[in-house]
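Q: Sequence:
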Amino acid sequence: LCFLPRVFLKNTSILPFVSPICNIIHLFLSLLCLFNSSLPLVCFESVDRIFKKEHFKEKYAVDEVQYTCDIVDALSNLRPAVLLTLRGQNTDSGSICREASFEGISGFQVNNTLLHPVIVECRLIKTDMELEVLRYTNRVSSEAHKMLFSSLSQHYCYTKGGMRHTSYTCICATIKYGFKAANDNSINDGEMCLFDMGGEYYCYTSNITCFFPANGKFTPDQRAVYEAVLKSCKTVMAAIKPGVKWTDMHRLADQVYLEELVKIGILKGSMEDMMKVHLGSVFMPHGLGHMLGLDVHDIGGYPEGLERIDEPGLRSLLMGRLVQERMVLTVEPGIYFINHLLDQALPNSSQSCFINNQVLARFRGFGGVRIEENIAVTADGIELLTGVPCTVEEIEAFMADCKNLQPRHQQ
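With full-length UniProt numbering as the guide, the letters of the sequence shown map in order to residues 1 to 411.
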């Protein structure tokens, strides 16, 4: 019998005793029972409506609803041979999920090691219903990104699509390294905007990053770096299919944008030799992408027995396993000009021999570019879930159209 904390109802109510707090699944009877806190009398004056068990049974489509105060009796009647509780580590965050517990659990045989790897694999491969919800989160989040393109000078915001919550704290930056930013800069003419945002729907997340010029027109240097990242992103997406190694996709992204940096003039020399000295990690220190689902950085990237590759760039990769059909992933290559990393590379003769310092100096202070797409892996490739303007031509045309729109208060 599986005993699970109901943590994925985190946003259903501001009152924790209104929503169910845990559930049990009887593996042999296929029975799903929900346990809900009975409402203390002192709370009756502060709650507008008191729901009965039948309400939760219908709302959450379960077989049975009980109060948590009756949990020992309910479990004893089921006579489980063992209670399987959920305890394990998220290999991305390093945090341990909170194991379900209740007064009287010591009276049962408990196993907290079997369930976690099974749940991880269940979350790794998405069902048709999960994919439909993830398509919706991406569709609405993409529209929100497009609305943001048009509202930079209109100063209004709103919610749409029934998505009350964001998947994570929005990253909205125009400063030199728009990734872990303070989000406190004004948007000025000629600057590039990096907006890393996504909505959450029924606890399923999206994670989209758009990059565009605040004034709607790319400069030649902005265009060159942006199109280098875009080519890397598109090349990787064209190569993804079941069975490929995610580490190979990261290396492919490195190779493509390094080739583009050679064309720009920032780099020179043998591509094979650049890859040997991990030059890509100087310009993209993070991993290519990650799992996406109930968490933005979802679980399952490194199953037990699979170790991270301890190399620059790859050690930051959030998934090391083979790509499988029905996985939902982010693809987010980037090129950044981070002074700290550049200052480390230039005294290193094995890396600096590839760098044209005179051209690089022109891009010092440029910041960086990241493009992040959400994809679902199909039998022979991918389904692109994100739907935002992507090419330079699409972005400039979209923003030109937006400039012709009047702010809402003027309509």
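No lab work stands behind these hints: they were computed from the structure.
Treat each hint with caution, since some may be false.
Listed next, with one range per pair, are the computed distances between beta-carbon atoms [stated by the list, open to error]:
#	residue 1	residue 2	range
1	Arg364	Gly94	22 to 28 angstroms
2	Asp73	Lys146	37 to 43 angstroms
3	Ala61	Leu341	48 to 54 angstroms
4	Ala379	Cys170	19 to 25 angstroms
5	Lys245	Gly107	29 to 35 angstroms
6	Glu307	Arg79	23 to 29 angstroms
7	Glu121	Glu307	43 to 49 angstroms
8	Asp128	Leu341	28 to 34 angstroms
9	Glu132	Arg79	24 to 30 angstroms
10	Ala239	Asp189	46 to 52 angstroms
11	Glu383	Gly107	45 to 51 angstroms
12	Val359	Ala379	40 to 46 angstroms
13	Glu307	Cys170	48 to 54 angstroms
14	Leu346	Ala400	26 to 32 angstroms
In silico DSS-like pairs for lysine-lysine, Cα to Cα no more than 25 angstroms straight-line [as the list claims (entries may be wrong)]:
#	residue 1	residue 2
15	Lys276	Lys231
16	Lys276	Lys245
17	Lys268	Lys231
18	Lys234	Lys268
19	Lys245	Lys217
20	Lys241	Lys263
21	Lys234	Lys146
22	Lys245	Lys234
23	Lys276	Lys263
24	Lys245	Lys268
25	Lys276	Lys234
26	Lys217	Lys234
27	Lys217	Lys146
28	Lys217	Lys231
29	Lys263	Lys217
30	Lys231	Lys146
31	Lys241	Lys231
In this text, a Cβ means the ideal position worked out from N, Cα and C, and glycines have one as well.
Q: Verify the CB-CB distance for Glu383 and Gly107 against the hinted window 45 to 51 angstroms.
A: Since Glu383 and Gly107 have Cβ atoms about 48 angstroms apart, the given range 45 to 51 angstroms holds.
Q: Taking 29 to 35 angstroms as the stated bounds, is the beta-carbon spacing between Lys245 and Gly107 within them?
A: Given about 47 angstroms between the Cβ atoms, the range is violated.
Q: Sort out whether Lys263 lies within 25 angstroms of Lys241, counting only the CA atoms.
A: violated, 29 angstroms
Q: When you take the CB atoms of Asp73 and Lys146, is the distance between them in 37 to 43 angstroms?
A: For Asp73 and Lys146 the Cβ distance comes to about 54 angstroms; the hint is violated.
Q: Lys241 and Lys231 were given as a pair; does the straight-line alpha-carbon distance stay at or below 25 angstroms?
A: Roughly 18 angstroms between the alpha carbons, so the hint for Lys241 and Lys231 holds.
Q: Given the proposed pairing of Lys234 with Lys146, does the C-alpha separation stay at or below 25 angstroms?
A: With Cα atoms ~20 angstroms apart, Lys234 and Lys146 stay inside 25 angstroms; holds.
Q: Straight-line Cα separation of Lys245 and Lys268 no greater than 25 angstroms?
A: violated, 28 angstroms
Q: Taking 48 to 54 angstroms as the hint, is the beta-carbon distance of Glu307 and Cys170 inside that range?
A: violated, 33 angstroms
Q: Holds or violated: Lys268 and Lys231, Cα atoms, limit 25 angstroms.
A: At roughly 19 angstroms apart (the allowed maximum being 25 angstroms), Lys231 and Lys268 satisfy the hint.
Q: What's the verdict on Lys217 and Lys234, does the C-alpha distance respect the 25 angstroms limit or exceed it?
A: Distance ~22 angstroms between Lys217 and Lys234 Cα, so the pair holds.
Q: Tell me if the beta carbons of Glu121 and Glu307 are separated by a distance inside 43 to 49 angstroms.
A: violated, 19 angstroms
Q: Between Lys245 and Lys234, is the straight-line Cα distance small enough, at 25 angstroms or below?
A: holds, 17 angstroms
In the structure shown, a violation is registered for the earlier hints numbered 1, 2, 4, 5, 6, 7, 8, 9, 10, 13, 14, 19, 20, 24, in ascending order.
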